[in-house]
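Q: These protein sequences, in sequence, are chains U and Y. Residue 215 is where the first sequence starts when you use our numbering, and the numbers rise one by one after that. Residue 215 is where the second sequence starts when you use our numbering, and the numbers rise one by one after that.
Worth flagging that the hints you see were computed from the coordinates, not collected in a lab. Note that the coordinates shown come from a computational prediction; the quantities given were computed from them, not determined experimentally. Any given hint might turn out to be false.
The list makes no distinction among identical chains, and a pair is therefore deemed to hold if it is satisfied within one copy or across any two copies.
Said to hold, decoys possible - Calculated lysine to any residue pairs in the SDA-like style (CA-CA distance at most 20 Å, straight line):
no., residue 1, residue 2
1, 545, 337
2, 373, 423
3, 475, 332
4, 429, 291
5, 442, 256
6, 438, 516
7, 529, 569
8, 441, 308
9, 293, 472
10, 438, 308
11, 373, 261
12, 529, 241
13, 429, 308
14, 429, 503
15, 344, 366
16, 442, 312
17, 528, 244
18, 260, 491
19, 442, 537
20, 438, 522
21, 429, 229
22, 429, 316
23, 429, 311
24, 344, 556
Take a look at the letters that make up each chain.
Number of protein chains: 2
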Amino acid sequence: MSEVNLRIPGPTPLPPSVQEAMRRDMINHRGPEFAQMQAEIVEALKVFLQTQNDVLLLTASGTGGLEAAVVNTLSPGDKVLSVSIGYFGERFRTIAQVYGADIVKLDIPQGQAARGAQVAEALRAAPDVKAVLVTHNETSTGVTNPLQEIAAEVKAAGKLLLVDAISSAGCVPLETDAWGVDVLVTGSQKGWMAPPGLAFLSMSREAWAAHATAKMPHFYFDLKRHKKAMTEGSTPWTPAVSVYYALHEGMRLLMAEGREKVLARHQRVADLTREGLKAMGLRLFADPQFASNTVTSVYPPAGLNADDFRRQVKKAHNVVLAGAQGDLAGKVFRVGHLGYVHEADIAATLDAIRAELPLAVPA
Amino acid sequence: MSEVNLRIPGPTPLPPSVQEAMRRDMINHRGPEFAQMQAEIVEALKVFLQTQNDVLLLTASGTGGLEAAVVNTLSPGDKVLSVSIGYFGERFRTIAQVYGADIVKLDIPQGQAARGAQVAEALRAAPDVKAVLVTHNETSTGVTNPLQEIAAEVKAAGKLLLVDAISSAGCVPLETDAWGVDVLVTGSQKGWMAPPGLAFLSMSREAWAAHATAKMPHFYFDLKRHKKAMTEGSTPWTPAVSVYYALHEGMRLLMAEGREKVLARHQRVADLTREGLKAMGLRLFADPQFASNTVTSVYPPAGLNADDFRRQVKKAHNVVLAGAQGDLAGKVFRVGHLGYVHEADIAATLDAIRAELPLAVPA
């Protein structure tokens with residue numbers, strides 16, 4: 215564990231060998247070493263994403279990946295069902311709006327998940343929808359949508375499915391091809407044991423078909439240019455080479471651990487987090503049935519502001535908790551438990567939180 | 215010097231302390247450490263760019279920065295004068311085209327520079343042009359446009375000036391405010407002793423005024439969101455934190471050396487490169503009056519393919535030269551001499567090239 219215990223839902227702490235990997239000398243991103251490194255990363259990502267679809271890497275944050283998903287498959291005026299259960303669902307929606315999509319909203323109260331039946335009903339009410347935007351794991355509330363049941367309804371209705379899996383992929387069960395996800399987006403600083411700077415997308419055959427007629431403008435994020443360049447072993451624009459080094463090492467560690475064990479580890483640390491917080495008398499924000507295995511939202515001790523409380527924990531114990539977004543700011547704080555995280559990190563986090571509880575709260 | 219002598223015009227080699235800086239533990243990009251780091255980087259960039267304008271950092275390649283320059287200041291249908299002297303001038307133009315600009319072309323043969331008088335004439339012929347797109351340093355041919363005289367004509371005509379200074383800024387004389395550059399774009403992997411992954415833009419008051427009415431769609435690259443987040447000490451989306459670490463150290467080294475000395479060093483290594491290549495009997499591609507101080511394009515020895523020759527130099531001496539783009543591929547090769555580069559790197563490069571010359575060429 216590093217000196218600071220960084221318990222936010224990204225950037226996540228890095229394994230020492232990943233930090234070390236970034237010291238490598240720069241290479242030509244049009245040369246054979248880069249081509250091999252990128253190919254190995256993509257092969258490993260396909261295992262963790264459970265896909266045979268194209269997987270492309272963009273030099274961008276996850277939000278850039280969301281924009282790429284939208285602009286490469288849609289045209290202005292296309293009707294889109296936007297399923298939002300929080301702040302990041304809103305962001306995905308706003309991107310589609312900015313580029314001229316005609317938005318049909320399905321809004322679920324914060325803390326709850328969207329269900330397949332609700333999505334099916336929304337699609338029956340708006341049969342001319344072309345695509346559905348869904349957040350797999352809502353980082354702002356710590357809720358994981360039941361993507362498999364949602365995807366089943368979207369595919370039964372014959373719609374294109376675009377999924378923000380930024381903070382879920384690699385950490386929680388997710389079967390891109392079996393479930394029918396057409397475009398999946400994730401980012402290097404979440405489950406992948408790497409620093410921020412790269413977004414990854416998978417594109418199904420249906421997504422490529424949509425790309426062929428998509429009229430929302432795109433250049434930097436043009437996935438066709440990315441696919442062509444990848445075929446040649448490179449990227450269309452100069453990539454974040456040092457982040458590739460880190461990701462390559464992160465993927466090596468993940469492959470060595472094995473997908474099943476990585477998912478099981480996330481289940482264990484999430485259970486430990488939730489049980490530990492509840493045992494202190496703290497109240498969790500998310501519906502327990504859909505509580506996220508990568509991030510937990512929790513109310514501060516009664517009478518305290520969440521941001522004051524987490525600053526106190528940082529000052530006293532060097533444990534960095536995350537604030538909340540939008541109208542939850544100050545009302546809840548969040549504990550990240552994804553990527554390079556083990557039981558000891560969570561135990562130390564719980565100790566720090568417990569030590570700062572006011573005496574009124576039963577410990 | 216590192217074991218491989220990477221002589222391409224980006225990614226450029228990294229100083230050891232920059233490589234070391236990337237090992238730092240991840241931090242919260244919404245916390246005070248990040249805010250201070252970003253503020254210090256921006257202050258140093260303002261010195262090197264000679265500007266009091268806003269300077270914003272994007273997690274993207276330089277091409278993403280070019281897209282940001284276009285979509286934040288223009289609307290579909292706006293008439294734009296696109297001055298192109300090569301491959302990257304074409305790219306800047308294509309971005310504007312993709313987003314619906316009405317392009318007026320000023321094309322200069324490869325190897326030559328655009329002159330102020332030519333730009334003035336083009337503006338007289340198309341008085342309803344709103345903005346002018348210019349490449350300061352055309353990396354594909356090794357030509358530096360006389361930006362000061364071009365800018366004088368653009369500003370005299372009252373047009374917005376968008377400049378691709380990706381491979382010039384920080385290396386060659388460039389006075390953003392004094393010359394009247396409204397939007398300047400550069401990238402971390404060029405003159406800044408850092409790896410790729412970040413693009414920087416400066417935005418003048420006129421550029422912000424144009425932003426207020428610009429209708430080309432943008433979200434990830436929305437500079438207003440970036441400015442707001444920077445005011446709060448952060449970025450709107452998770453930034454490439456490890457590249458920030460590297461850039462912060464690169465800027466520290468550049469500030470310690472001093473802007474005048476950095477520019478003088480680039481002049482010296484460029485002179486050394488050009489004189490050394492000519493002394494071997496090799497022919498340079500660029501008009502000598504406008505030869506770039508950051509990259510030199512050169513014809514291979516007579517009868518040889520440029521790519522075969524540079525592969526031979528790499529194999530025998532571990533000196534990596536760059537190929538050429540577009541219709542110059544195979545016809546010329548390029549020597550990068552920007553960023554962390556000193557006389558010894560160039561001497562070793564010249565030795566390697568000389569050793570591979572066929573006997574027919576006088577040495």
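Q: Please go over all the hints and tell whether each is borne out by the structure.
A: Now for the hints, and whether the structure bears them out:
For the identical chains of this complex, residue 545 and residue 337 are neighbours neither inside a copy (34 Å) nor across copies (57 Å), given an alpha-carbon limit of 20 Å. Only within a single protomer do residue 373 and residue 423 lie at most 20 Å apart by alpha-carbon distance; the minimum there is 13 Å, versus 41 Å between protomers. With identical chains, the CA atoms of residue 475 and residue 332 are never at most 20 Å apart, being 33 Å at best within one copy and 65 Å at best between copies. In this assembly of identical chains, the alpha carbons of residue 429 and residue 291 lie at most 20 Å apart whether taken from the same copy (10 Å) or from different copies (16 Å).
Only within a single protomer do residue 442 and residue 256 lie at most 20 Å apart by alpha-carbon distance; the minimum there is 15 Å, versus 35 Å between protomers. With identical chains, the CA atoms of residue 438 and residue 516 are never at most 20 Å apart, being 52 Å at best within one copy and 38 Å at best between copies. For the identical chains of this complex, residue 529 and residue 569 are intra-copy neighbours only, at 12 Å inside a copy versus 61 Å across copies, given an alpha-carbon limit of 20 Å. With identical chains, the CA atoms of residue 441 and residue 308 are at most 20 Å apart between copies only, with a shortest distance of 19 Å across copies and 26 Å within one.
When the C-alpha separation of residue 293 and residue 472 is checked against a cutoff of 20 Å, the pair qualifies neither within a copy, at 40 Å, nor between copies, at 55 Å. In the homo-oligomer, the alpha carbons of residue 438 and residue 308 lie at most 20 Å apart only across protomers (15 Å), although the nearest pairing inside one protomer, at 24 Å, exceeds that limit. Proximity of residue 373 and residue 261 under a CA criterion of 20 Å is satisfied in neither setting, with 25 Å inside one chain copy and 52 Å between copies. Only between protomers do residue 529 and residue 241 lie at most 20 Å apart by alpha-carbon distance; the minimum there is 15 Å, versus 41 Å within a single protomer.
In this assembly of identical chains, the alpha carbons of residue 429 and residue 308 lie at most 20 Å apart whether taken from the same copy (18 Å) or from different copies (16 Å). In the homo-oligomer, the alpha carbons of residue 429 and residue 503 never lie at most 20 Å apart, since the shortest distance is 40 Å inside one protomer and 44 Å across protomers. For the homomeric pair residue 344 and residue 366, the shortest alpha-carbon distance inside one copy (16 Å) is at most 20 Å, but the shortest distance between copies (50 Å) is not. Only between protomers do residue 442 and residue 312 lie at most 20 Å apart by alpha-carbon distance; the minimum there is 18 Å, versus 27 Å within a single protomer.
Taking identical chains as interchangeable, the C-alpha atoms of residue 528 and residue 244 lie at most 20 Å apart only when they sit on different chains, with a minimum of 14 Å there against 44 Å within one chain. Proximity of residue 260 to residue 491 under the C-alpha cut-off of 20 Å is found in neither arrangement, the shortest distances being 35 Å within a copy and 47 Å between copies. Taking the closest pair of Cα atoms, residue 442 and residue 537 come within 20 Å of each other only across two copies (19 Å); inside a single copy the shortest separation is 40 Å, beyond that limit. Taking identical chains as interchangeable, the C-alpha atoms of residue 438 and residue 522 are never at most 20 Å apart, the minima being 47 Å within one chain and 29 Å between chains.
With identical chains, the CA atoms of residue 429 and residue 229 are never at most 20 Å apart, being 42 Å at best within one copy and 44 Å at best between copies. For a Cα distance limit of 20 Å, the shortest separation of residue 429 from residue 316 qualifies both inside one copy, at 14 Å, and across copies, at 17 Å. Proximity of residue 429 to residue 311 under the C-alpha cut-off of 20 Å is found in both arrangements, the shortest distances being 14 Å within a copy and 13 Å between copies. For the homomeric pair residue 344 and residue 556, neither the shortest alpha-carbon distance inside one copy (41 Å) nor that between copies (57 Å) is at most 20 Å.
Hints 1, 3, 6, 9, 11, 14, 18, 20, 21, 24 from the list above are not met by this structure, while the remaining hints are.
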